[in-house]
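Participant: Now for the letters of each chain:
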Amino acid sequence: MNFFEFLRNNWAELFALTREHLFLVFVSTAFAVLIGVPLGILLTRKKSLQTPILGIANILQTVPSLALFGLLIPLPFIGGIGAKTAIIALALYSFLPVIRNTVTGISGVDAKIKEAATAMGMTDWQILKMVELPLALPVILTGIRVAVVIAVGVTTIAAAVGAGGLGTYIFRGLRQNDNNLLLAGAIFSAFLALVADFALGQIERVYSLEVMRNIAAQRKRKVVLIGASGLILSVLALPFVSSFQSRNPNQAAANQTIRVGSKDFTESIVLAEIMAQSLERRGIAVERQFELGGNLAHDALLSGQIDVYPEYTGTAYAAILKRQPLTDAEEVYRQTKREYSEKFDLSLSPPLGFSNDFAILVRGDAARKNNLKTISEAVPLSRDWQAGFGQDFMSRADGYAGFTGAYNFDFAKQPREMDLSLTYRALASGQLDLIAGNSTDGLISALDLFQLADDKRYFPPYQAVFVARRDKSEILRETFAKLNNAISTDEMRRLNYAVDGEKLAPKDVAAGWLKRKGF
Amino acid sequence: MTENKQPIVEFRRVNFQLGAAKILDDINLKVFKGEILILLGESGCGKTTTLKLINRLIEPTAGEVTVEGKATTEWNATNLRRRIGYVLQEAGLFPHFSVAENVALVPDLENWDAAKMRHRTAEMLELVGLNPSKFADRYPHELSGGQRQRVGVARALAANPDLLLLDEPFGALDAITRVNLQKEFAALVKNLGKTAVFVTHDLHEAFVLGTRICLIHKGAIVLNDTPENFRQSDLPLARAYLETISTERNLAADGHR
Numbered sequence: 001m002n003f004f005e006f007l008r009n010n011w012a013e014l015f016a017l018t019r020e021h022l023f024l025v026f027v028s029t030a031f032a033v034l035i036g037v038p039l040g041i042l043l044t045r046k047k048s049l050q051t052p053i054l055g056i057a058n059i060l061q062t063v064p065s066l067a068l069f070g071l072l073i074p075l076p077f078i079g080g081i082g083a084k085t086a087i088i089a090l091a092l093y094s095f096l097p098v099i100r101n102t103v104t105g106i107s108g109v110d111a112k113i114k115e116a117a118t119a120m121g122m123t124d125w126q127i128l129k130m131v132e133l134p135l136a137l138p139v140i141l142t143g144i145r146v147a148v149v150i151a152v153g154v155t156t157i158a159a160a161v162g163a164g165g166l167g168t169y170i171f172r173g174l175r176q177n178d179n180n181l182l183l184a185g186a187i188f189s190a191f192l193a194l195v196a197d198f199a200l201g202q203i204e205r206v207y208s209l210e211v212m213r214n215i216a217a218q219r220k221r222k223v224v225l226i227g228a229s230g231l232i233l234s235v236l237a238l239p240f241v242s243s244f245q246s247r248n249p250n251q252a253a254a255n256q257t258i259r260v261g262s263k264d265f266t267e268s269i270v271l272a273e274i275m276a277q278s279l280e281r282r283g284i285a286v287e288r289q290f291e292l293g294g295n296l297a298h299d300a301l302l303s304g305q306i307d308v309y310p311e312y313t314g315t316a317y318a319a320i321l322k323r324q325p326l327t328d329a330e331e332v333y334r335q336t337k338r339e340y341s342e343k344f345d346l347s348l349s350p351p352l353g354f355s356n357d358f359a360i361l362v363r364g365d366a367a368r369k370n371n372l373k374t375i376s377e378a379v380p381l382s383r384d385w386q387a388g389f390g391q392d393f394m395s396r397a398d399g400y401a402g403f404t405g406a407y408n409f410d411f412a413k414q415p416r417e418m419d420l421s422l423t424y425r426a427l428a429s430g431q432l433d434l435i436a437g438n439s440t441d442g443l444i445s446a447l448d449l450f451q452l453a454d455d456k457r458y459f460p461p462y463q464a465v466f467v468a469r470r471d472k473s474e475i476l477r478e479t480f481a482k483l484n485n486a487i488s489t490d491e492m493r494r495l496n497y498a499v500d501g502e503k504l505a506p507k508d509v510a511a512g513w514l515k516r517k518g519f
Numbered sequence: 001m002t003e004n005k006q007p008i009v010e011f012r013r014v015n016f017q018l019g020a021a022k023i024l025d026d027i028n029l030k031v032f033k034g035e036i037l038i039l040l041g042e043s044g045c046g047k048t049t050t051l052k053l054i055n056r057l058i059e060p061t062a063g064e065v066t067v068e069g070k071a072t073t074e075w076n077a078t079n080l081r082r083r084i085g086y087v088l089q090e091a092g093l094f095p096h097f098s099v100a101e102n103v104a105l106v107p108d109l110e111n112w113d114a115a116k117m118r119h120r121t122a123e124m125l126e127l128v129g130l131n132p133s134k135f136a137d138r139y140p141h142e143l144s145g146g147q148r149q150r151v152g153v154a155r156a157l158a159a160n161p162d163l164l165l166l167d168e169p170f171g172a173l174d175a176i177t178r179v180n181l182q183k184e185f186a187a188l189v190k191n192l193g194k195t196a197v198f199v200t201h202d203l204h205e206a207f208v209l210g211t212r213i214c215l216i217h218k219g220a221i222v223l224n225d226t227p228e229n230f231r232q233s234d235l236p237l238a239r240a241y242l243e244t245i246s247t248e249r250n251l252a253a254d255g256h257r
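Chains as they are written, first to last, in my numbering: chain S, 1 to 519; chain A, 1 to 257.
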């Protein structure tokens with residue numbers, strides 16, 4: 001499918017995502033302006049506050065966006081997942097340019113003019129309203145323009161906390177190795193940034209001193225301009241408001257609804273979709289909070305933002321419970337189940353039937369050329385190899401450090417730490433020579449990659465299960481039982497490939513599977 | 001001659017300090033109705049500081065400044081400033097206000113009704129020699145330096161204050177424009193019966209405008225007398241000033257007299 005066919009087939013979703021994107025940018029910028037401009041004014045009156053407050057705003061902007069989203073998740077009131085958290089994080093990012101330009105703009109008003117204003121008998125408030133703000137307006141508008149352009153970019157990350165927007169396509173594209181998705185997400189957000197920059201630049205121009213003081217008619221023009229842009233933004237934002245509200249139902253409704261979460265990769269989404277559709281077939285209302293990055297799904301479950309999501313015993317055991325890796329699958333399952341119950345008051349479903357273990361992958365042609373079958377056989381060749389691993393693998397106890405130790409790997413080149421989904425295509429294109437993927441990944445066969453056997457039985461088992469809040473486990477019990485041992489490793493790989501390789505929608509893949517299984 | 005009348009402005013033993021720096025030291029000064037008092041001195045001598053003490057842009061460190069018999073610190077600062085006209089160098093016009101809006105500023109702050117304000121604005125522009133129908137809707141950047149200064153004077157007079165403070169208003173103008181404005185201003189103040197305190201570093205200007213000249217040096221008043229007596233002074237500093245204008249006058253005579 002070429003890019004234009006893709007656009008033709010997906011324009012409705014793309015339009016909805018663009019609208020979500022605009023809504024997030026608009027609301028967060030509005031917050032940043034409503035709080036940032038008064039704060040900036042305050043700073044021009046209390047100069048001693050300038051250093052600390054601008055310092056804090058500066059630091060906030062240096063926090064990587066994904067980290068900021070992650071930090072907000074566990075916080076009460078302002079945290080959680082979805083649009084609300086994203087808006088708060090985006091507003092925090094937008095503060096700096098708004099505050100700084102307000103301070104700069106007002107401080108930049110000619111001292112002679114301020115002196116004249118005081119000497120004419122203007123009160124502080126009148127000086128602010130009639131002299132300082134009008135003269136500082138072009139600079140403040142520049143700050144807002146910078147804030148909006150930054151927000152358009154950062155909003156793409158908001159998809160990681162389930163806030164939607166064009167980032168959804170970008171993340172999905174990375175994950176599924178799909179250039180159309182990537183391009184659509186990237187081009188549209190870049191386009192939005194350019195349009196916003198241009199439109200706000202026009203407003204800024206109309207408000208600039210030179211134009212404003214020329215002809216009285218310009219005043220009318222600027223009113224028209226502001227009104228028009230406000231109208232366009234609200235029209236674009238309005239249709240999304242309703243869906244935004246439905247994403248955050250009140251507590252009463254939330255009690256009858258099961259909120260299904262997923263991590264941000266295909267398999268997790270397909271499993272979550274299978275769960276969601278099984279529940280819907282039982283007549284239970286479902287709310288989807290998919291594509292949560294890192295350990296956000298676990299945090300969201302703990303803080304009650306979601307009720308159930310698919311997890312792996314190995315991940316739960318090593319990355320969440322921080323226990324030393326074990327190789328006995330049954331033992332890992334048993335201990336995880338017990339500790340989840342004691343520590344987090346969460347329940348574990350019976351195993352789904354497959355495990356998604358770490359798979360050490362090399363290119364198929366490299367494996368055939370060197371006749372590689374096992375990881376141990378690759379060790380002598382690996383000195384000159386460029387390895388690359390996902391952030392997750394690099395940081396976890398049973399990941400990079402343990403793995404290279406157990407096999408005595410000695411990479412001359414520092415392995416690259418990068419997004420997991422990108423490592424597959426980097427391996428296939430020859431940028432990397434060895435990666436740690438997932439054994440059920442559909443891309444393994446799609447990209448002609450070869451999985452080296454774990455001959456030292458180093459990697460712990462990653463059995464797929466669902467984790468649920470205990471107060472929902474009663475409703476979920478029947479579905480848990482049905483899904484027990486229902487999916488084999490081969491089947492899972494096929495489901496993944498249907499999404500990643502054949503570009504089918506996860507919900508259709510899940511529906512097809514449920515139908516075949518006769519659910 | 002006027003010692004028994006109540007002065008409009010009076011400085012009593014006024015000191016002004018900025019941190020450790022003594023800007024004004026023991027200033028005693030009276031300004032009477034109808035005077036154009038010149039504060040003359042070099043840059044940094046404290047003449048502008050003296051001016052700003054009158055409309056309470058700053059307050060004395062010690063001593064007191066009274067306006068109409070009441071200490072400035074007892075006046076409501078806003079009310080005090082609105083009844084004193086103020087003109088500064090480069091006029092200090094608001095660049096985002098039209099000429100009419102600039103002139104009507106204090107009346108507007110005082111909530112005059114629109115018709116009265118419009119009438120007053122036109123009257124003031126006429127007074128300073130600007131045709132209202134031509135200039136009212138222009139913006140400051142569309143005016144020449146001299147026209148801006150005229151608007152500055154019109155603005156200071158708009159709310160009909162008895163007292164005007166002027167901080168080197170004509171300092172940045174070319175010579176011809178400056179001389180014309182000085183003459184017009186002197187006549188204007190006299191005709192309207194206003195009192196003015198005028199800061200300058202230019203003795204020629206002081207002679208054209210002043211009814212009294214107050215020479216300030218390093219924060220102290222060294223001479224306070226009529227222009228006639230100033231010319232006769234033996235004070236070395238006064239003599240030095242007089243020499244600057246004898247050359248200047250010769251040059252000016254060649255130029256445009």
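Everything labelled a hint here was simulated from the structure, so no lab data went into it. Positions of the beta carbon are idealized from the N, C-alpha and C atoms, including for glycine. Misleading hints may appear alongside valid ones.
Residues of chain A placed beyond 10 Å of chain S at every Cβ, according to the derived structure [stated by the list, open to error]:
| no. | residue |
| --- | --- |
| 1 | Ile23 |
| 2 | Arg82 |
| 3 | Tyr86 |
| 4 | Glu90 |
| 5 | Ala115 |
| 6 | Gly145 |
| 7 | His204 |
| 8 | Thr244 |
In silico DMTMM-like pairs for lysine to aspartate or glutamate, Cα to Cα no more than 20 Å straight-line [said to hold, decoys possible]:
| no. | chain 1 | residue 1 | chain 2 | residue 2 |
| --- | --- | --- | --- | --- |
| 9 | A | Lys52 | A | Glu64 |
| 10 | S | Lys114 | A | Glu110 |
| 11 | S | Lys129 | A | Glu64 |
| 12 | A | Lys52 | S | Asp299 |
| 13 | S | Lys112 | A | Glu74 |
| 14 | S | Lys343 | S | Glu331 |
| 15 | S | Lys369 | S | Asp357 |
| 16 | S | Lys114 | A | Glu126 |
| 17 | S | Lys322 | S | Asp357 |
| 18 | S | Lys129 | A | Glu123 |
| 19 | S | Lys129 | A | Glu110 |
| 20 | S | Lys322 | S | Asp345 |
| 21 | A | Lys52 | S | Asp110 |
| 22 | A | Lys194 | A | Glu126 |
| 23 | S | Lys114 | A | Asp108 |
| 24 | S | Lys112 | A | Glu101 |
| 25 | A | Lys194 | A | Glu243 |
| 26 | A | Lys5 | A | Glu64 |
| 27 | A | Lys218 | A | Glu42 |
| 28 | S | Lys322 | S | Glu287 |
| 29 | S | Lys515 | S | Glu502 |
| 30 | S | Lys373 | S | Asp448 |
| 31 | A | Lys52 | A | Glu90 |
| 32 | S | Lys112 | A | Glu123 |
| 33 | S | Lys114 | A | Glu42 |
| 34 | S | Lys114 | A | Glu123 |
| 35 | A | Lys52 | S | Asp124 |
| 36 | S | Lys112 | A | Glu90 |
| 37 | S | Lys517 | S | Glu280 |
Participant: Taking the earlier hints as the rules, which of them does this structure contradict?
Facilitator: Hints 2, 3, 4, 11, 12, 13, 15, 16, 18, 25, 28, 32, 33, 34 are the ones this structure does not satisfy, whereas the remaining hints hold.
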